[in-house]
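Heads up: the protein sequence lines correspond to chains C and P, in order. Residue numbers for the first sequence follow my numbering, beginning at 1 and rising by one. Residue numbers for the second sequence follow my numbering, beginning at 1 and rising by one.
Rather than coming from a laboratory, the hints here were simulated on the basis of the structure. Quick reminder that beta carbons are idealized off the backbone N, C-alpha and C, glycines included. Be careful, since some hints might not be right.
To be verified - Cut-off 25 Å, straight-line C-alpha distance, at most; resulting in silico cross-link-like pairs (PhoX-like, lysine-lysine):
1) C:K78 - P:K359
2) C:K125 - P:K359
3) P:K359 - C:K102
4) P:K359 - C:K97
5) C:K102 - P:K365
Claimed, not checked - Away from chain C, derived, C-beta distances all over 12 Å, residues of chain P:
6) E107
7) R326
8) G357
9) K365
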Amino acid sequence: MLKEPIKLNMNEVPYPPPQEVIEAAQKGLAKLNRYADPEDLGRLRGLLAGYSGVLEEHVVLSPGSDILLREVIHTFSKGRKVIIVSPSFFPTVQAAKQFATKLVSLRLSPPEFDLDLDLLMDELKEACLVIVDNPNNPTGKILLHRQAVEAIIESTDTLLVVDEAYYEFSGVTFADMVHDRPNLAVTRTMDKAFSLAGARIGYIIAGEAFGDAFSSFYAFLPQPSLYAAIEALNHPDYVRRNVQRVVEERERVWRILNELAVHVCQSTTNFLLVKTEIPDIVKRLRDIGILVLDLSNQLPSGFVRVSIGTGEENNAFIAGYIKIREAYLNGTQMNVGLRG
Amino acid sequence: MKNIVGLIVNPVAGMGGSVGLKGTDGETYKKALELGAQPVTPRRTNDCLSRIESKDDITLFVAPGKMGEEYVEAFDMLFTVIGAVGEETSAEDTKRIAAEMVNRGVELLIFAGGDGTARDIYDAIDSKVPVVAVPSGVKIFSSVFAVSARAAAEMVDAFVEGTDVTEEEVLDIDEEAFREDRLASRLYGYLLVPNVRRFLQPGKAASNVSVSSIESKKEIAAYVVEEMDQETLYLLGPGTTLEAIAAEMEVPKTLLGIDAVFGGELVGTDLNEKGILGLFERYGKRKIIVTPIGGNGFIFGRGSKQFTPEVIERVGRENIVVVGTRDKLNRLDCLRVDTGDFELDELLCGYMEVTVGYKEGMMVKVRC
Numbered sequence: 001m002l003k004e005p006i007k008l009n010m011n012e013v014p015y016p017p018p019q020e021v022i023e024a025a026q027k028g029l030a031k032l033n034r035y036a037d038p039e040d041l042g043r044l045r046g047l048l049a050g051y052s053g054v055l056e057e058h059v060v061l062s063p064g065s066d067i068l069l070r071e072v073i074h075t076f077s078k079g080r081k082v083i084i085v086s087p088s089f090f091p092t093v094q095a096a097k098q099f100a101t102k103l104v105s106l107r108l109s110p111p112e113f114d115l116d117l118d119l120l121m122d123e124l125k126e127a128c129l130v131i132v133d134n135p136n137n138p139t140g141k142i143l144l145h146r147q148a149v150e151a152i153i154e155s156t157d158t159l160l161v162v163d164e165a166y167y168e169f170s171g172v173t174f175a176d177m178v179h180d181r182p183n184l185a186v187t188r189t190m191d192k193a194f195s196l197a198g199a200r201i202g203y204i205i206a207g208e209a210f211g212d213a214f215s216s217f218y219a220f221l222p223q224p225s226l227y228a229a230i231e232a233l234n235h236p237d238y239v240r241r242n243v244q245r246v247v248e249e250r251e252r253v254w255r256i257l258n259e260l261a262v263h264v265c266q267s268t269t270n271f272l273l274v275k276t277e278i279p280d281i282v283k284r285l286r287d288i289g290i291l292v293l294d295l296s297n298q299l300p301s302g303f304v305r306v307s308i309g310t311g312e313e314n315n316a317f318i319a320g321y322i323k324i325r326e327a328y329l330n331g332t333q334m335n336v337g338l339r340g
Numbered sequence: 001m002k003n004i005v006g007l008i009v010n011p012v013a014g015m016g017g018s019v020g021l022k023g024t025d026g027e028t029y030k031k032a033l034e035l036g037a038q039p040v041t042p043r044r045t046n047d048c049l050s051r052i053e054s055k056d057d058i059t060l061f062v063a064p065g066k067m068g069e070e071y072v073e074a075f076d077m078l079f080t081v082i083g084a085v086g087e088e089t090s091a092e093d094t095k096r097i098a099a100e101m102v103n104r105g106v107e108l109l110i111f112a113g114g115d116g117t118a119r120d121i122y123d124a125i126d127s128k129v130p131v132v133a134v135p136s137g138v139k140i141f142s143s144v145f146a147v148s149a150r151a152a153a154e155m156v157d158a159f160v161e162g163t164d165v166t167e168e169e170v171l172d173i174d175e176e177a178f179r180e181d182r183l184a185s186r187l188y189g190y191l192l193v194p195n196v197r198r199f200l201q202p203g204k205a206a207s208n209v210s211v212s213s214i215e216s217k218k219e220i221a222a223y224v225v226e227e228m229d230q231e232t233l234y235l236l237g238p239g240t241t242l243e244a245i246a247a248e249m250e251v252p253k254t255l256l257g258i259d260a261v262f263g264g265e266l267v268g269t270d271l272n273e274k275g276i277l278g279l280f281e282r283y284g285k286r287k288i289i290v291t292p293i294g295g296n297g298f299i300f301g302r303g304s305k306q307f308t309p310e311v312i313e314r315v316g317r318e319n320i321v322v323v324g325t326r327d328k329l330n331r332l333d334c335l336r337v338d339t340g341d342f343e344l345d346e347l348l349c350g351y352m353e354v355t356v357g358y359k360e361g362m363m364v365k366v367r368c
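Same shape as in the complex, but just chain C (with noise of 0.2 Å):
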């Protein structure tokens, strides 16, 4: 047993950020008796925009983009049908649960998970707000192309807003499009691809029709977050690493799982849907000090999301994964022995 146990539930990088990161959040520790400064907002706001190669104007801060999520879906759900994926990102399927006056969930079916447009172009019919996860989580599948993007914000009575949490690993991205469609927002995290899970760094790029929902919301970011955030767009160099890293050991990762003959979904993100046929898997591997995600709320039996950790922690999982299928099976031919 692991002294500590391995972390693939999360979805976070398994590197920590570079040491000027680091040091930089310290210097914010200095200043935890003060609110952060509006300048420091307005320079991480710019900072954003010019990475994401849109106008300043259009970028609004938040510590987390489930927030902003939750946000949009208080405010633009009143007289609209609120319109999501099935399986989705959790914090987005409870706040439409929560708010939405009428929700239409489109099911994504295993095992191919496709989200059927002419299905969702059928719903548009009266005015909706429409929430995709591109890449989605927990498939890792990229469900809308920009083509599909372009038909789906064609009516003026439909926001859209693309969850793009995962953006840096899929290399898909619609942020581009938002200073002429009013209608399209995205949504993005610095908690992924920068190492910054524990800084809560989130925002949107949001269109002009959203402009009423963020025209009071303000939030204050936490000093430390702030001054990592900043130093981190500085350093852009260590993200590409982040990811080009994260995608060979997940590409690894799927290869060894597919030569076993577990069945895995190709991924566009940092983690992998698993179906074993092994019941209890995720208690299995944490007897084991390996977590996982367990799926079975939101998907058939059998399903769990995969994190890629460090290579040393996904062969930690792989190994853990092959003795708990050889004690599996062990044990139910005994079974079957014992029945016969």
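For this one, chain C is given, so just place chain P on it according to the hints.
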């Protein structure tokens, strides 16, 4: 070298469904006949056999007469009849012939029937050879069954191609309890099946009885009842979600049967096909409200065979209301139909909106 494949058909399986008898175990079979029930296994068996692509690679051993022989005569296949049966067939015939087939070297056994038949096959052959189970019973709770006769044919082909095998459950429920609206299921054993998981029927899950599930059903019921039209006949299918709708309307509900309401009043209880068609003479506007039963995802074809193809066709796809809790829907790959009429099944396929809460829907794919 050809694969030796056996075929055993339970000729009375599924006959209780259209007359509302919830099974044909024991003496109930005679009651089904008196009520005018027609055999359903010939069509299912035929559907399966006609879709097997690897016929040339198979040597067939079949049970005699209506237990197998009669159905293979229509196909250009060589077959050997195993054993003998009398005028009336029984579970003992199934067991004896299955055991004999295994002794004669059968490598795969196809059988058509319901949970009772699966139980008999298990008693006879245990894990000695794999099986392909063609669903034809009234109540099919065992995951050993293929989702449809067509899927069963694909499993036979997969076996011939050399796929490995896996264990699946044989369950049975107490038919006496089932007829008294009590669902008492138990694990009976395991059979081996060709490992083609997507074609299997997921094992029936116990209904979720958590508080949140009860609340969800109340929400669904409140919305469905609010949307009801006083001039429409509503046929309420089996299941606890429909029970919640009946409770919201303050009318009694047969848990595993079909009841009918019109204008807020109960106008039919535990209806069979004849009873439903009788109500159609009196009520022009009709809707069916159904929920996927247990963990199977079937909205038609399992547990509610009183909704025959004729009943469903006369109601129309657009008048089918599907309800179910979000938790239950999340656990399903999709919804499924297996009415016994392929054309109707295909018509029912595609997306359907399932009411999962108050003004809350989920668009879910229906497959057959």
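Results of checking the hints against the structure:
Pair hint K78 (chain C) plus K359 (chain P) holds up; C-alpha atoms about 13 Å apart against a cutoff of 25 Å. The hinted pair formed by K125 (chain C) and K359 (chain P) meets the criterion: a straight-line CA distance of about 17 Å does not exceed 25 Å. Distance restraint check for K359 (chain P) and K102 (chain C): the Cα-Cα separation of roughly 5 Å lies within the 25 Å cut-off, and the hinted pair is therefore satisfied. Restraint check for K359 (chain P) and K97 (chain C): satisfied, since their Cα atoms lie roughly 10 Å apart, inside the 25 Å limit.
For the hint pairing K102 (chain C) with K365 (chain P), the CA-to-CA distance comes to about 20 Å; that is within 25 Å, so the pair holds. In this structure E107 (chain P) is separated from chain C by more than 12 Å, as the shortest Cβ-Cβ distance comes to about 18 Å. The claim that R326 (chain P) is not at the interface with chain C is violated, since a C-beta of that chain comes within 12 Å of its own (minimum 8 Å). Against chain C, the non-interface label of G357 (chain P) is violated: not every CB pair exceeds 12 Å, the least being about 7 Å.
A Cβ of chain C approaches the Cβ of K365 (chain P) within 12 Å, the least distance being about 5 Å, so the stated non-interface status is violated.
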